[in-house]
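*Asks:* The primary structure of each chain is shown beneath.
There are 2 protein chains.
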Amino acid sequence: MPNPRSDKGSSRERELVDMFWDAGFGVVRAPASGSATERPLPDLVAADGERTIAVEAKSSGDDSVYIEGREAEELIEFSRRFGARARIGVRFDREDWYFFHPGDLHVTGGGNYRVKLEKALQEGEDFHELVGESTQEKLDEVE
Amino acid sequence: MPNPRSDKGSSRERELVDMFWDAGFGVVRAPASGSATERPLPDLVAADGERTIAVEAKSSGDDSVYIEGREAEELIEFSRRFGARARIGVRFDREDWYFFHPGDLHVTGGGNYRVKLEKALQEGEDFHELVGESTQEKLDEVE
Numbered sequence: 236m237p238n239p240r241s242d243k244g245s246s247r248e249r250e251l252v253d254m255f256w257d258a259g260f261g262v263v264r265a266p267a268s269g270s271a272t273e274r275p276l277p278d279l280v281a282a283d284g285e286r287t288i289a290v291e292a293k294s295s296g297d298d299s300v301y302i303e304g305r306e307a308e309e310l311i312e313f314s315r316r317f318g319a320r321a322r323i324g325v326r327f328d329r330e331d332w333y334f335f336h337p338g339d340l341h342v343t344g345g346g347n348y349r350v351k352l353e354k355a356l357q358e359g360e361d362f363h364e365l366v367g368e369s370t371q372e373k374l375d376e377v378e
Numbered sequence: 236m237p238n239p240r241s242d243k244g245s246s247r248e249r250e251l252v253d254m255f256w257d258a259g260f261g262v263v264r265a266p267a268s269g270s271a272t273e274r275p276l277p278d279l280v281a282a283d284g285e286r287t288i289a290v291e292a293k294s295s296g297d298d299s300v301y302i303e304g305r306e307a308e309e310l311i312e313f314s315r316r317f318g319a320r321a322r323i324g325v326r327f328d329r330e331d332w333y334f335f336h337p338g339d340l341h342v343t344g345g346g347n348y349r350v351k352l353e354k355a356l357q358e359g360e361d362f363h364e365l366v367g368e369s370t371q372e373k374l375d376e377v378e
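If you read the sequences in order, they're chains W and P.
Residue numbers 236 to 378, in my numbering, belong to the letters of the first sequence in order.
Residue numbers 236 to 378, in my numbering, belong to the letters of the second sequence in order.
It should be emphasised that the hints constitute simulated quantities derived from the structure, not laboratory data.
Since this is a predicted model, take the numbers as computed values, not measurements.
What you were told as hints is all true, and nothing was included just to trick you.
Note: identical chains are not told apart, hence a pair may lie in one copy or across any two.
Keeping only pairs whose Cα atoms sit at most 25 Å apart, straight-line, the calculated SDA-like set for lysine to any residue is:
1. Lys293 / Arg274
2. Lys243 / Pro266
3. Lys293 / Pro266
4. Lys351 / Asp339
5. Lys243 / Asp253
6. Lys293 / Glu273
7. Lys354 / Arg249
8. Lys293 / Gly244
9. Lys293 / Arg249
10. Lys293 / Asp328
Here chain W stands alone, though its shape is the one from the complex (with noise of 0.2 Å):
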């Protein structure tokens, strides 16, 4: 049976891959998690030439976004293998999508982190400014 919510994920999710087509870059979104592998995935990750970001994408109604513990550090462990930024992306409805590295996120009590709506609009790194940072802001953070 189709389910709404995660239909609007995953059509936010594509809104996401078109952006960064549309920059310039080549994309592969990972099959859903909890698929064949059991190995860290992100749900995509861009790449063109000069920056390669992975992005778990969380969108929301509400003003918060949840995102287990668990996602956050397969997404830590996917880009330091593949020498990618990681990056939570978060899109609230009538937002534009703006991204945090998990370390820059509040952990819950449970161990999961949480980005508030306000907190997204503040401080989060907008599109423009993902794609647009120089290749030596990664390689630091690599590790």
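We have chain W already, so just place chain P on it with the hints.
*Replies:* Just chain P now, kept in the frame of chain W:
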């Protein structure tokens, strides 16, 4: 209904994912072609922070492998955008994987690419060579 031929191809592709993983790479398998996206996608992308490799993987129980012209072109286009080395990976029964740049393959009258078993054994790059090469070669090949 299960298709034994694609199941075998898929299992061979997982084998290749395992090899990259064991060599320290992060690996993403792209969703099956013809799905949600119309954009060029390889079968998998692997990177380790130095080397980035996009692979179209083909296996065969016969003594030749054919790659559609369109698949090879999409591999090249994706690799150009992503900044990856483009490789056709061929796996014949009871043999190892061998890799070729599409430009080094025989093009048939119909515009498809063909790799014969003997050519793979004699001229193909083996996995060790593929992952052990320097970054410089990668940069030279991007265009």
